[in-house]
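The listed protein sequences derive, respectively, from chains A and B.
Position 526 of the first sequence, counted from 1, bears residue number 526 in the numbering used here, the numbering being contiguous throughout.
Position 48 of the second sequence, counted from 1, bears residue number 48 in the numbering used here, the numbering being contiguous throughout.
Treat the hints with care, since some could be wrong.
To give a feel for the contact side, a few chain B residues facing chain A, derived at Cβ under 8 angstroms [unchecked claim]:
(1) GLY78
(2) ASP79
(3) GLY81
(4) VAL152
(5) TRP164
(6) PHE165
(7) HIS180
(8) ALA283
Rather than coming from a laboratory, the hints here were simulated on the basis of the structure.
From the three backbone atoms N, C-alpha and C, an ideal C-beta is built for every residue, glycine too.
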Amino acid sequence: MPFGPKSPLKALLLSAFLSTTALAASAQTVLRLDEVAVGELDPAKASDYADSILMFNAYDTLVLPAQGEPGHVPHLATEWTADGNVYTFTLRDDVKFHSGNPLTAEDVVFSIDRMKALGQGLSFLFEIVESAEAVDPRTVRVTLTEPYAPFIASLVRLPVVDKATVMANLGEGEGEMGDWGQGYLSANDAGSGAYIVQSHNPQEETVFAKNSDYFLGVPEAAPDEVRLRYGLEAATVRALLAQSEHDITSQWLPPEVLKSMSNDGAHFLQESGTGAFYIKMNTQKPPLDDVNCRLALASAFDYATAIAITQITPEVAGGVPSTGAIPVGMLGSKPRENGALARDMDAAREHLAQCQYNPADYTIELSWVAEVPVEERFALLMQQNFSELGFNTEIVRVPWVLFTEQVVSPETTPHISQIFANAVTGDPDTLLYPMYHSSVAGTWQSPEYLNDPEVDRLLDAGRTAATQEEREAAYLELNDRLMALAPTIYGFDRNSVFGASPRVHVSALEDPSKAFALDTMGFTFRLMEMTE
Amino acid sequence: MRNVLSQTLRRTGTSLLVLVGVSILIFAIARVIPGDPARVALGPNATAEQVASLREELRLDEPIVVQYLAYMRDLLRGDLGVSLYTNRPVAVDVAEFLPATLELILVAGVMMVGLGLPLGILAARHRGRWPDHLVRVVSLLGVSAPGFVWAVVLMLAFSYYLGWFPVAGRIDEQYDDLRHITGFLTADTAFQGNWAAFGSAWHHLVLPAFALALSGIGQAARLTRANMIETYERPYIEMAEAYGFPAGRIARRYAFKPSLIPSLTIIGLDFAAMLGNAFLVEAVFGWPGLSRYGVQVILRKDLNAIVGTVLIIAALFILVNIVVDLLTTLLNPRISHAPGGRA
């Protein structure tokens, strides 16, 4: 390649130098983080972690979970009233979508209708909505089919979309609404959030820019640009972080990799209180149809070693001790001061003595989900623990898709299944009802096939109680009932750990007094602080 | 020339039949993989009603023959269906991800030929001496470790420790606004005269392409060496040496050309196999290519995307084989690929 005055090589070097200089001069702060592929940008289809990060930053909701305490605070809605099954919301008058259109009650109604019509993502939360109507431009009235106390909590999963923008971009489909804008919203945002989507490639990266017109303002220290990358390998993330080309890792890295990052100067962000690791026992299959056998296994399980398996550093682990059936911090949970669950072999033997079955006559299938390798270690731990009681065990590796098919009947459901589960709204109803109500047995969340009228009654009471105090009483009682029935071994409360570069500080994931009782909400970019 | 033309037409015809066979096979296999695609697509929180609704929408409850015929009808209109993984038309995904993989394997292929053949020639010319030993050791290393191992090793050495190359991606973030014409970033940047972006694209491409090519370089070097050593033992080479022809001329003109045909066949197969093997290299370097997409859609049982991706890869595989056959015919016109033909 020639190197004359107009040579491409000279131009290449010169423009590389100029672009570097320009970047330094502009001093834009860029936050880079990663998640598993893929990122679903359509908010009505959002269900997993990556989707939720996209949703919570590009869109707004009527309410937000309170920081550092239970309950919800106004967001797009300034206030609301509940009269039986009818909720009335008053909207802010200073909110504009990224298109420049002002937020109106019609947008909220449209968002509810769209979510119900598509029937994807977390739309099941809104099946209970009978109708939504715009009373006036600032007032929305929502009527439920039956009393549902956690409805306000569900609203954190109702992103409000710009109706006019979606209507202008309807694709082909059946009926007047065509595809309900699915094609458009899978690649573009129509929200009012603090960040605007600049580009979106569901397998590679989504790029956001700060929304300077955000109705709450976006602090100066918040990142100017955010790049959410998908599907990076652990080794790649580690190398990127070491090169200062990455800021926050996903929670799915092996503990060893996270530990090595901390040796390279990374610090940890943590999120807990919304879910747990559950060891689910099939209550319809001998010998686990006998509550005493289940209690024996629950007592024999080594809770401390299970947490040690997830240990990253002496101070940080992927789990924290469980106190009962409801994760600590959630409505109805028991405080950690009361003592955590611990192995008690004497109690285990006492329960086993009362069990009608001889453990040596049965082989217990210990299944683990193939896509979650750490579960194999828990299966091995159980094998060792339960053998001390005389149970024969067989460890079975099951791909997730097979597991979801196995659990549709109690006969094909393994004796023991392992799952990690979170409350999708932060409310115990969305965690416990799908697990234990007899009407919903036979899903990945409910392989216990528990059928207990008292549990059903308490779950229903949690849904219909008129006050927060009544709800708390119902869930406390439910907690005790579940511990007595032992359909599940409550392994540990989940503590999601993310590696982070020293450049970024996330108060919601570092300071418990500012934490949200909702998964992913800590990844609200406007609340993050970047340094050069 | 007529021989080449008729051979091309014949191969194209049989290739279409092969593609139809592949489509039937992959359509059936994708449906017998355990797991409900609708359940996988909608995620763990979906209700039974939502899953049933999507199954109906995807016609999954209809007989497989009906499903296949409907798929082929859409395919003939250029519609590969919608991916449940990305929620976009499969054709859009393929158009976006294929150029990234093609760019990667084309550069890897050039490296394979450009480094593998000269190394083989060097080793054969100096057989039994240190250049030969060195090439054999290097080739053995290349062949014995899979591409993804080299990807991690090269990334750790040249990106993590030395910082000479970027860790991931296809181009620096500052060139996000670059207009995509062909999808080949090295070509697009050159077309637009953006030489800084051109340099950045190559800077990102070199390491993953080299990791992908290493195994093929070793293979090509070993084969070329072995074939040339065999050729060196032929009487006409001894004759040339006796006439006092320069060693370089003997190697290039008399020893290398006859040795090239078997090497070319293997290189062609290695090159085509890269389409599938690129997956792990793409994963390590965060390269948004079709191979990575293909594996992800298989894991998620995304039926339309599986069939679409496999068909595209099969078509490319066939295309590479046709090109290799043509090249071998051009190198040695006595070779015929017709049924019952002879070399």
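Going down the list of hints, with the structure as the test:
1. GLY78: 15 angstroms, violated
2. ASP79: This interface hint is violated because 12 angstroms lies over the 8 angstroms limit.
3. GLY81: 14 angstroms, violated
4. VAL152: Check passed: Cβ of VAL152/B comes within 5 angstroms of chain A, closer than 8 angstroms.
5. TRP164: Check failed: Cβ of TRP164/B comes no nearer than 11 angstroms to chain A, outside 8 angstroms.
6. PHE165: Since chain A brings no Cβ nearer than about 10 angstroms to PHE165/B, farther than 8 angstroms, the hint is violated.
7. HIS180: 11 angstroms, violated
8. ALA283: Cβ of ALA283/B sits 5 angstroms from chain A, so the hint holds.
Of the hints listed earlier, those the structure fails to meet are numbers 1, 2, 3, 5, 6, 7, in rising order.
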